[in-house]
Amino acid sequence: MANLTALATAPARRFAAVFSPPSRTVLALAVICFVAAAHFVPHLLTASSGPDDVTWAKRSLEPWWFGEPRLIGEQWTALGHRRYYYCVHHPSLARIVYRWTLRSAGVTSLPMEEWDYEADSAANVAMGRVLPYAIRTPLRMVNFSFYLAAIILAYLGLNAVVHNRALAVFGALAVFIDPGAARGLNDAVTYIGADSALAFLTMLSWFVWLKSPQCSLRNAVLVGFVCGLAAATKVNGSFVLLGALGYYAAFSRGWNRLALPLAALAAAAGVFLALNPVYFGGGFGWAAKVFRDTIRVMFYLREVTTVTAWGSYTRFEVIMATLPHLFFVVPVLAICAQWRRDVWFRVTAFWAVPPIVLNLCLVYMYMSRYATPVRTGFLVLFMSAGLKAFQTIRSAHPGAGTRNPHAGSAGGGLSAAAEGCCDG
Amino acid sequence: MSILDAQPMTAAALVALAAGCLAVLRNPLGALLAVAPLALLVPWAARGVSGEPMAHLSVSAASVWVTLILAKRLRGRARGAVLILAAAAAAAGIYLARLPEAWNSAKWFQQQYGYPYNVADTTYNGYFYIPPLVASSYLLWERRCEWWFWPTAVWAALLLAGAVFLGEARFFQYSLPMQMALVVPLATAAMSRPAPGAGGTGRHPDGGVTWRT
Chain H
2 MANLTALATA
12 PARRFAAVFS
22 PPSRTVLALA
32 VICFVAAAHF
42 VPHLLTASSG
52 PDDVTWAKRS
62 LEPWWFGEPR
72 LIGEQWTALG
82 HRRYYYCVHH
92 PSLARIVYRW
102 TLRSAGVTSL
112 PMEEWDYEAD
122 SAANVAMGRV
132 LPYAIRTPLR
142 MVNFSFYLAA
152 IILAYLGLNA
162 VVHNRALAVF
172 GALAVFIDPG
182 AARGLNDAVT
192 YIGADSALAF
202 LTMLSWFVWL
212 KSPQCSLRNA
222 VLVGFVCGLA
232 AATKVNGSFV
242 LLGALGYYAA
252 FSRGWNRLAL
262 PLAALAAAAG
272 VFLALNPVYF
282 GGGFGWAAKV
292 FRDTIRVMFY
302 LREVTTVTAW
312 GSYTRFEVIM
322 ATLPHLFFVV
332 PVLAICAQWR
342 RDVWFRVTAF
352 WAVPPIVLNL
362 CLVYMYMSRY
372 ATPVRTGFLV
382 LFMSAGLKAF
392 QTIRSAHPGA
402 GTRNPHAGSA
412 GGGLSAAAEG
422 CCDG
Chain R
180 MSILDAQPMT
190 AAALVALAAG
200 CLAVLRNPLG
210 ALLAVAPLAL
220 LVPWAARGVS
230 GEPMAHLSVS
240 AASVWVTLIL
250 AKRLRGRARG
260 AVLILAAAAA
270 AAGIYLARLP
280 EAWNSAKWFQ
290 QQYGYPYNVA
300 DTTYNGYFYI
310 PPLVASSYLL
320 WERRCEWWFW
330 PTAVWAALLL
340 AGAVFLGEAR
350 FFQYSLPMQM
360 ALVVPLATAA
370 MSRPAPGAGG
380 TGRHPDGGVT
390 WRT
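For the record, the sequence lines run as chains H and R.
Numbering-wise (the working numbering), the first sequence opens with residue 2 and increments by one.
Numbering-wise (the working numbering), the second sequence opens with residue 180 and increments by one.
Hint data in this document are derived by calculation from the structure and do not stem from the laboratory.
In this text, all values refer to a predicted model and were calculated from it rather than measured experimentally.
Take these hints with a grain of salt, some might be off.
[What the hints assert, rightly or not] Just some of the chain R residues that point at chain H, by a computed CB distance under 8 Å:
1) Q186
2) A197
3) P216
4) V313
5) W326
6) L337
7) G341
[To be verified] Calculated from the model, a selection of chain H residues having no Cβ within reach of chain R, i.e. all distances over 10 Å:
8) L30
9) W66
10) Q76
11) V89
12) T109
13) A175
14) V176
15) A264
16) G286
17) H326
18) F328
19) P332
20) L334
21) R376
[As the list claims (entries may be wrong)] Stretches of chain R that chain H covers, calculated by requiring three or more beta carbons in the stretch to come under 8 Å of a beta carbon on chain H:
22) 234 to 240
23) 362 to 368
C-beta atoms are modelled at their ideal positions from N, C-alpha and C, and glycine is treated no differently.
Bound-form chain H, shown alone (with noise of 0.2 Å):
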């Protein structure tokens, strides 16, 4: 009885010693959310409204299950092309999180159109198309608090790799707390859409699957489930998802190298169709159509994009402007290989390249928000690997005067974990 007593409190018992000792805890919480609220709160508080604010808040007020009739041919009336039109232009949890936020400050409708993106800004400005201050700023503060979620969840997560509150603190705040960034209508925490959510949803899968690197399927469908969770915000919160299949496909063993990958698949999947429910009632040719359509509308957004001056820029160009790290690559290549073998660090990798990769590949011209997750991913690859190798000689110092409890096994808690944790 006591046994199983064990087993069931356990999770509870894990979760709670990520924020032991409390004390230190709240001291580092402490620290990050006064340093996030002083970067980024002033800037929301005052900034005015950018032309997609209006068509995102319409977009969250219009119900995300989609209640108009399947139809495949052009047979609805202009609200149902609308609503369909919303349902595949972004997947839904942004919506459903600023939708929750609108009805729950009152707010059921907005009275005015939508941003005319052929006509100039001027122009849309003079006929009031810009969300009134009441309600974008409460959009925004839901951004800062996924933003603000994401800083916590990468301090949680490179205390789990270096065992040093302090260097966790500065490192998460310094992969986030940009101080050029928070100052357009085109940052992450500043835009209203769903690149905050993102930034949480992937940090949430990085903290996740660090915590659970074994490739067992109880972990296949937890992680599964968290990247789902981020495919349902943003199309490209899928590339997480890959590098999880990637990872449990390279280090499971036998007929698990095949099934952990399908179970998570299976777990992203049946969350990303449950936050969707667009997908249902029509048949699999019904859901065919909504998931081309919703990659179509992306290309067809791209088009429309570089045919204007937004767009005149060489791959060249955005990839230094996305990515301007890249000519650290030989630092990066060197500080990074020591740490190869241990587990958080290819969960890590796992985690970070697919991103960082495929959203270059994609990217057409230069927006913080979309930098955002290819820096993210980088820098914390970089920096776990980097405040890692400085807590190592720290500990190896004699009087260095450290208390971390890991001092003696400079690995880690992950990396004893580790040997042999995903044999299945």
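Chain H is fixed; fit chain R onto it per the hints.
Frame of chain H, contents of chain R only:
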């Protein structure tokens, strides 16, 4: 002067950096690898953001570094002569580059092409180098006892400070002086092996991993 005229000077700067890395690492492949990212990503690939002043500054700064490195390996009059050469290279660079224009590439681009270079969000990329510096600081700490470390560190710090404080429009990812200041010390440290007793290192001299449990 067009960007095409500036390119030979940029190439000369890279050759000088490779020579300096070779003197430090004594390994031709390592020297090439250390300089390769600069060769691939130098400003000539980015519609000519780099101009004549920046190319002058790059050649001058690379020459100063090479002479400082050589001076550490020489004694007596030879060392004095090399140090005089370093001072001359620095003075020529400062004169030719018309500081601070060398760092202010946006102004140069505006003069050449008649419109501002707007691909990058100048504020967003203004501080991109800080997190990688934090992450790789341990490399510098490990190599602080190496003979080449302090000349390189002081040289890089001055170059970086110039870029940070004198550059108005911070297209740092296209700025060769800034790339030199960041990449040369870090890549050299990454490609070299730390001296015994320089502190705990992440890598065993044979490249293995020492700390895994």
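Hint check results:
A least Cβ separation of about 16 Å between Q186 (chain R) and chain H goes past the 8 Å threshold, and the interface hint is therefore violated. At its closest, the beta carbon of A197 (chain R) sits 13 Å from a beta carbon of chain H; the interface hint therefore is violated under the 8 Å criterion. The beta carbon of P216 (chain R) comes within 4 Å of a beta carbon in chain H, closer than 8 Å, and the hint placing it at the interface holds. Satisfaction of the interface hint for V313 (chain R) is found here, the shortest Cβ-Cβ separation to chain H being roughly 5 Å, below the 8 Å cut-off.
Taking 8 Å as the C-beta contact cut-off toward chain H, the hint placing W326 (chain R) at the interface is violated, the least distance being around 20 Å. The restraint placing L337 (chain R) at the interface with chain H is violated, with a minimum CB-CB distance near 20 Å, outside the 8 Å limit. A cut of 8 Å between beta carbons decides the hint on G341 (chain R): the least distance to chain H is about 18 Å, and the hint is violated. For L30 (chain H), the shortest C-beta to C-beta distance to chain R comes to about 20 Å, beyond the 10 Å cut-off, and the non-interface label holds.
No beta-carbon of chain R is positioned within 10 Å of the beta-carbon of W66 (chain H); the least distance is around 37 Å. In this structure Q76 (chain H) is separated from chain R by more than 10 Å, as the shortest Cβ-Cβ distance comes to about 44 Å. For V89 (chain H), the condition that its CB be more than 10 Å from all CB atoms of chain R holds, with the nearest at approximately 30 Å. Listed as a non-interface residue, T109 (chain H) keeps its Cβ farther than 10 Å from every Cβ of chain R; the least gap is roughly 36 Å.
The claim that A175 (chain H) is not at the interface with chain R is violated, since a C-beta of that chain comes within 10 Å of its own (minimum 4 Å). With a least beta-carbon separation of about 6 Å from chain R, V176 (chain H) fails to lie farther than 10 Å from that chain, contradicting its non-interface assignment. No beta-carbon of chain R is positioned within 10 Å of the beta-carbon of A264 (chain H); the least distance is around 29 Å. For G286 (chain H), the shortest C-beta to C-beta distance to chain R comes to about 43 Å, beyond the 10 Å cut-off, and the non-interface label holds.
Against chain R, the non-interface label of H326 (chain H) is violated: not every CB pair exceeds 10 Å, the least being about 5 Å. A Cβ of chain R approaches the Cβ of F328 (chain H) within 10 Å, the least distance being about 4 Å, so the stated non-interface status is violated. For P332 (chain H), the condition that its CB be more than 10 Å from all CB atoms of chain R is violated, with the nearest at approximately 4 Å. Annotated as non-interface, L334 (chain H) brings its C-beta within 10 Å of a C-beta of chain R; the closest such distance is 8 Å.
The Cβ of R376 (chain H) does not lie farther than 10 Å from every Cβ of chain R; its closest approach is about 8 Å, which violates its non-interface assignment. For the segment 234 to 240 of chain R, the stated coverage by chain H is not satisfied: 0 residues place a CB nearer than 8 Å to a CB of that chain, which falls below the threshold of 3. Interface restraint, the segment 362 to 368 of chain R with chain H: holds (4 residues with C-beta to C-beta distance below 8 Å; minimum three).
Violated hints, in rising order: 1, 2, 5, 6, 7, 13, 14, 17, 18, 19, 20, 21 and 22; the structure is consistent with all others.
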